[in-house]
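Residue numbers (the working numbering), protein chains in the order written: chain A, 27 to 408; chain B, 27 to 408; chain C, 27 to 408; chain D, 27 to 408.
If you're looking for bench data, these hints aren't it; they were derived computationally from the structure.
Everything numeric in this text was worked out from a predicted model, so none of it was measured.
Be aware that a few hints might be false.
Identical copies look the same in the list; a pair holds intra-copy or inter-copy alike.
[Claimed, not checked] Straight-line distance between alpha carbons at most 30 Å, and here's what the computed DSS-like set of lysine-lysine pairs gives:
id, residue 1, residue 2
1, K122, K267
2, K354, K34
3, K267, K353
4, K225, K267
5, K225, K332
6, K354, K267
7, K248, K225
8, K353, K225
9, K248, K122
10, K34, K248
11, K354, K122
Protein chains: 4
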Amino acid sequence: MTFLERYKTVRQRTEDICAPLETEDYVVQPVADVSPPKWHIGHTTWFFETFVLKSYVEGYEEFNSDYNYVFNSYYETVGARVIRTDRGNLSRPTVKDIFRYRKYVDNAMCELLSSNYNEDLNELLELGFNHEEQHQELLLTDIKYILGNNPLFPAYNSPVSEHHPINSTKEWVRFDEGIYEIGFNGQGFCFDNELGRHKVFIPEFSIASDMVSNRDYIEFIKAGGYQDFRHWHAEGFDWVKNSSVVAPMYWHFIDGEWMHYTFQGLQPVNTDAILNHISFYEASAYASWKGMRLPTEFEWEVASNKITWGSRWEWTESAYLPYPGFKKAPGAIGEYNGKFMVNQKVLRGSSEVTSPGHSRTSYRNFFHPHLRWQYTGIRLAQ
Amino acid sequence: MTFLERYKTVRQRTEDICAPLETEDYVVQPVADVSPPKWHIGHTTWFFETFVLKSYVEGYEEFNSDYNYVFNSYYETVGARVIRTDRGNLSRPTVKDIFRYRKYVDNAMCELLSSNYNEDLNELLELGFNHEEQHQELLLTDIKYILGNNPLFPAYNSPVSEHHPINSTKEWVRFDEGIYEIGFNGQGFCFDNELGRHKVFIPEFSIASDMVSNRDYIEFIKAGGYQDFRHWHAEGFDWVKNSSVVAPMYWHFIDGEWMHYTFQGLQPVNTDAILNHISFYEASAYASWKGMRLPTEFEWEVASNKITWGSRWEWTESAYLPYPGFKKAPGAIGEYNGKFMVNQKVLRGSSEVTSPGHSRTSYRNFFHPHLRWQYTGIRLAQ
Amino acid sequence: MTFLERYKTVRQRTEDICAPLETEDYVVQPVADVSPPKWHIGHTTWFFETFVLKSYVEGYEEFNSDYNYVFNSYYETVGARVIRTDRGNLSRPTVKDIFRYRKYVDNAMCELLSSNYNEDLNELLELGFNHEEQHQELLLTDIKYILGNNPLFPAYNSPVSEHHPINSTKEWVRFDEGIYEIGFNGQGFCFDNELGRHKVFIPEFSIASDMVSNRDYIEFIKAGGYQDFRHWHAEGFDWVKNSSVVAPMYWHFIDGEWMHYTFQGLQPVNTDAILNHISFYEASAYASWKGMRLPTEFEWEVASNKITWGSRWEWTESAYLPYPGFKKAPGAIGEYNGKFMVNQKVLRGSSEVTSPGHSRTSYRNFFHPHLRWQYTGIRLAQ
Amino acid sequence: MTFLERYKTVRQRTEDICAPLETEDYVVQPVADVSPPKWHIGHTTWFFETFVLKSYVEGYEEFNSDYNYVFNSYYETVGARVIRTDRGNLSRPTVKDIFRYRKYVDNAMCELLSSNYNEDLNELLELGFNHEEQHQELLLTDIKYILGNNPLFPAYNSPVSEHHPINSTKEWVRFDEGIYEIGFNGQGFCFDNELGRHKVFIPEFSIASDMVSNRDYIEFIKAGGYQDFRHWHAEGFDWVKNSSVVAPMYWHFIDGEWMHYTFQGLQPVNTDAILNHISFYEASAYASWKGMRLPTEFEWEVASNKITWGSRWEWTESAYLPYPGFKKAPGAIGEYNGKFMVNQKVLRGSSEVTSPGHSRTSYRNFFHPHLRWQYTGIRLAQ
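One chain only, chain A, in its complex shape (with noise of 0.2 Å):
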């Protein structure tokens, strides 16, 4: 595909996933970690329009300067943001008008990439598809938080298919102790967060060919796992108090059953599908229940090829910290990841609701350990 064509297919899915959407849906907030759809919508056209259009075209006319203010998300760099938490009380700009500002920047740059542009330009809209792909994933979870908090509990007609059977019989794959590379190592696109491949040694391990199901975890609620302290970090225990959690996001126990918000509304919970919408923290303490452990981002990297993949983000043990040699890149693009780097915890795998051809073996996703609207799950490691 040319990279215009490219260009059209990213932007063209971020609106197939909001075609089902009603205006509301577009500009609530629910919590600060969920960001208004609308918000996604004109982040990602800003994003092409302040790194491209407004570097690279000359005499392009900014669509409205007040947008650069509104769709900042934390490009310190490029001026003042609006605090992420007040996202969610801004009703205008309107979502006809940001479609129109979307609109407005797809032309200028359909125009661009017909032209005869400099090709240094290719490495920046890579990264601009990259980062609409992330939006993409962001958009589908921040949809579910959405509608699955409302009391209504809204079906939603999504892309994608949230239930996944698992092979119950797990069987555990070994690896030897050894000297193994690390970070990324091939041809095309990759973040700065994956770069400086570089060499660790790993001691013997055992991974798990599958991962969780609804139906183990369920034992491990039964068994009293969110009473006992013992399983967990400290900070998880008291996040499990101050929050009273007593089950993965979105489940429900109505008449003696578990019961949980898809995108098909409120649904039983499929004992054989794979757990869904956990934190690392109940990661953490389902591992130590079991007497084992998360692996690392290496281990897991290591054994990428001889895993099933499981459609659900995989919580590691490992912090997200950056590689030897990691370098920030000059200007605004440089604020990408790695300011992120404390208190994180990374995810390895994808998920049903990644963006097709997003993610790859050496893929570093980071969130905060107590955070579950993602999709993540748990493979055991020993």
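Based on these hints, arrange chains B, C and D on the given structure of chain A.
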């Protein structure tokens, strides 16, 4: 007008107020005191459905039983309610759904009011009309807050004019000490909090013929009024410091000039106009700085025919308390006023966003002393 | 008694109250409203040093200029103050230092009062004595809070008896409607908030001869009073739910019996005694449950000679507001009362921890409606 | 030394540290992370009573069963605990009571250790000694916080010297890439978190021979380092803004000069001395501003014999995570370290307030990245 005609008129006016809204504007709740416009639309409808149709129309079928949960405000008798601060997180029911609900209830109400219905109902209808008029005023103040706190400062085609010039040579109207009668004393509707007409003894007093202007108040600002604790209640001065208050709500000092957000967008403050959007704390501090005081609600009521009503609600020194012999109505309707009779201040008069015919000399409005998104001003007494 | 003798007496009583304290008890501040005893000791001393010695004794040398910062309470005129919630974090000055300071100021005061001093000072001395008496009551309530919230429930050799049996057959004392005079009207000292004796018109009313007993209140608890929102102010019911209130302060339900913390340690609740340690919200809800109400402060003052004073402060329905013609004194002394006249409720009478001779029929005590660490009870009216 | 002699020595040192304290200093808890000194005194005693005496001495009589509740820290296995933030509200047990408790336990311990006791106990005794040494360091840092945040800035006759001049011409010590062994590898005691000696592969690196000085850091301040978000983690920059951080803890800019609180009271900052009292966020931002980075804990351990230990704990880039094969001990002792292995950063080395003989090259200290009341500094790597 018949009750049917009045029903149609009052319901239409609510929709007229909202007509210029974008769908997105209906959804947001930037602070706890401001409700999303769609909630007002649904809640006023829920009132007629719950208290009239479900009680008085045999075989009436509820539009959607979930709405009871969503649109209940504070009527704890009637069932669980959506936590007030969560209203802005609900994208569903959509605005269209709510207008469908409104239409459905309106049809049933019109059918009922066209029939030979039980005239006992009339008292409840009066309450419903007055309740809806109260929400019309809240709709306008909430819309102003939603748009006035948006960084784009969008104009709004509101039905009201906000500029009210004022007589700059105030006179003092003097009243003798004596026993006066206070409370509702007429035909027609009043709220329960106005009832129990009773005698009060009032010492001699003087009250200003006109309200305080922007010009007057700017003098207070220039004189350092916000920095001088001697004029403030202790809690008022804490509020000033903690909220960094330096001027009335919606005022911005831009390029050496006071601007304020109005329904025409950001405009220069007109110094001849009546002051607007101040808290009780500010009103009281201003009066103290002038060596005067605010009137009590009794003084105001006695003087109400001899002073110029100012198109702003007027803060009084009086706390919101029951009149002697105050009785709550039985059932949910009884929750209307009595439960708020602590920690609030009485405001008298009316404002330009008060619905026509809604106020009267005995009318008791009330808000917490730090709030200022209502149309509020100052009249001095001594 | 001469002023010198009175000075010595009032200062000695403060020290007598504190005599059984351990050094550690002087230091802590478990909640913002409760001050460390050492702060009371220093603050009452600071009052005489700042307003008397530094103004009236030529050549007086301040004990330690830093103490001005540490022991100022709310007198913003006089300089920066230690944030109120930080008082419990200050280990220095030590208790010994503060008693040294107290001795130093006492010596200077006694020298002054033994001399031929300017009699204009007498009014200020009266205020200082009454100010110290107020802090004597706060010392006792704060000490009770500090020990009563300690898991060891230590006893305290307090000078007061807390058990007050009550007449179980209450009578109703009836008063005609009419104009009554309210406010201080005598010889001697009163606070500025009692001044401006003025006429009020009071409708006919009846007031109970005796206060509510523990037995009465336990009936309310058993009847589910804390769960029935119909009897509560909206803010009161929120307080009940958010603070999980199920009984008066210091009550614990242990092995099927109500116990409460007293200066003798944890003791069974004596059902014949006067109810103690309740908030205005609870008082009002109890009255509503009985189908009655609380008296206004004017009714209470009119009835004060015909009812049994109950050794508890009595919550009234009245908000704490200025009397007609209320004037603040000039300077720092003027901050004494006026700045608190918002969001608080008037209490009348006195309690067993009130200093002897400190109260009178026109005395206006005041606290926020949710507070209950003072000795507070209920008298009904109708 | 015999175990008996070691017991007496370590217990005595705790008391020596506290000897200059006033009784009041033992009581306060100005922030949640700082415990009242009397709690440290009681908690270290409780440790020996609970884990040694109650388990190994037949017929041992507990001093006071309530103390179990008061002096438990985080050992959830052993029973309910006082919420950590409430420690500073407890005036009882008094300091005298606690020293009586200490004496009682010391007597029983000395009796036990003088007897022919079971040598299985020795491992637990070692843990108890090291546990007490950790609290000795916390005592000193907590005392400094309590006095350093008092507006009187009192001096403290501490056993440690805080001024450490530094070699201003730092050199770079270079290490080849390769496999290194990490973790405890010796005789004697270590904590569970150091165990599981294991191989790691480390790329080539250089590490500074000496730590960063106050002079170095003042350059960063002058260059606007605290205002330039590019050098900060996103959470670090939020911390800087929300807490208005402009310099290391205890620094005050007075009359054009940097002063800081020390155990000698407020003193000028000595520019030749090693920097102290900074957070991980500040350490990382400083390194970024220099175009360098912090070492990992593995690099530090490898280099530990070739660099000058600096008398400050050194923040590393490493997150606090379990070593391969980490196992919690069974029972309450197992809560010691593992439960804290999330969201914290490893510090290596030791400080002047570390107990003699307490640290070693494999020692892993850990704190949250925003904390700075410990004695913490910076060593650069690249």
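Comparing the hints with the structure gives:
1. K122 - K267: The answer is neither: 43 Å in one copy and 36 Å across copies each exceed 30 Å.
2. K354 - K34: Answer is within; shortest intra-copy Cα gap is 29 Å, inter-copy 54 Å.
3. K267 - K353: between (40 Å within a copy, 25 Å between copies)
4. K225 - K267: neither (41 Å within a copy, 38 Å between copies)
5. K225 - K332: So K225 and K332 pass the 30 Å test inside a copy (20 Å) and across (24 Å) alike.
6. K354 - K267: between (39 Å within a copy, 23 Å between copies)
7. K248 - K225: Neither: 42 Å inside a copy, 39 Å across copies.
8. K353 - K225: So K353 and K225 pass the 30 Å test inside a copy (18 Å) and across (26 Å) alike.
9. K248 - K122: Neither. Shortest intra-copy (49 Å) and inter-copy (44 Å) distances fail the 30 Å Cα cut-off.
10. K34 - K248: neither (49 Å within a copy, 48 Å between copies)
11. K354 - K122: Neither, since 36 Å and 48 Å both go past 30 Å.
Violated hints, listed in ascending order, are 1, 4, 7, 9, 10 and 11; each of the other numbered hints is respected by the structure.
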